[in-house]
Amino acid sequence: MKKDFRRMAKAIVNQADLKNVALARLSVVHKSLKVAKSGAKKRNKQVVRKVKY
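The sequence shown begins at 14 in the working numbering and counts up one residue at a time.
If you are wondering where the hints come from, they were derived from the structure by calculation, not from laboratory data.
Here the structure is a predicted model, which is why all the values come from computation and not from measurement.
Wrong hints could be hidden among the right ones.
[Unchecked claim] No farther apart than 27 Å at their CA atoms in a straight line, the calculated lysine-lysine pairs in the BS3-like style are these:
{"id": "1", "residue 1": "K23", "residue 2": "K50"}
{"id": "2", "residue 1": "K44", "residue 2": "K23"}
{"id": "3", "residue 1": "K44", "residue 2": "K32"}
{"id": "4", "residue 1": "K23", "residue 2": "K47"}
{"id": "5", "residue 1": "K32", "residue 2": "K47"}
My request is simple: use the sequences and hints to build the entire structure.
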């Protein structure tokens, strides 16, 4: 995917009028694909305290 991303980014940069919007969209799609591939992760592992009355 890295090679594809770089190749697509280069093609987008060559089109000056679409540059910023298209690069932003490409980077979001690339990031979401990486997240989906790696699977869901638990980021917040704080201990939940149980209050005894």
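Comparing the hints with the structure gives:
1. The straight-line distance between the Cα atoms of K23 and K50 is roughly 24 Å, inside the 27 Å bound, and the hint therefore holds.
2. At roughly 17 Å between alpha-carbon atoms, K44 and K23 fall within 27 Å of each other, so this suggested pair holds.
3. Of the supplied pair hints, the one linking K44 and K32 holds, its CA atoms being roughly 18 Å apart against a limit of 27 Å.
4. Restraint check for K23 and K47: the C-alpha separation of about 20 Å stays at or below 27 Å, so the hint holds.
5. Under the criterion of a C-alpha separation no larger than 27 Å, the hint pairing K32 with K47 is consistent with the structure, at around 22 Å.
In the structure shown, no violation is registered for any of the earlier numbered hints.
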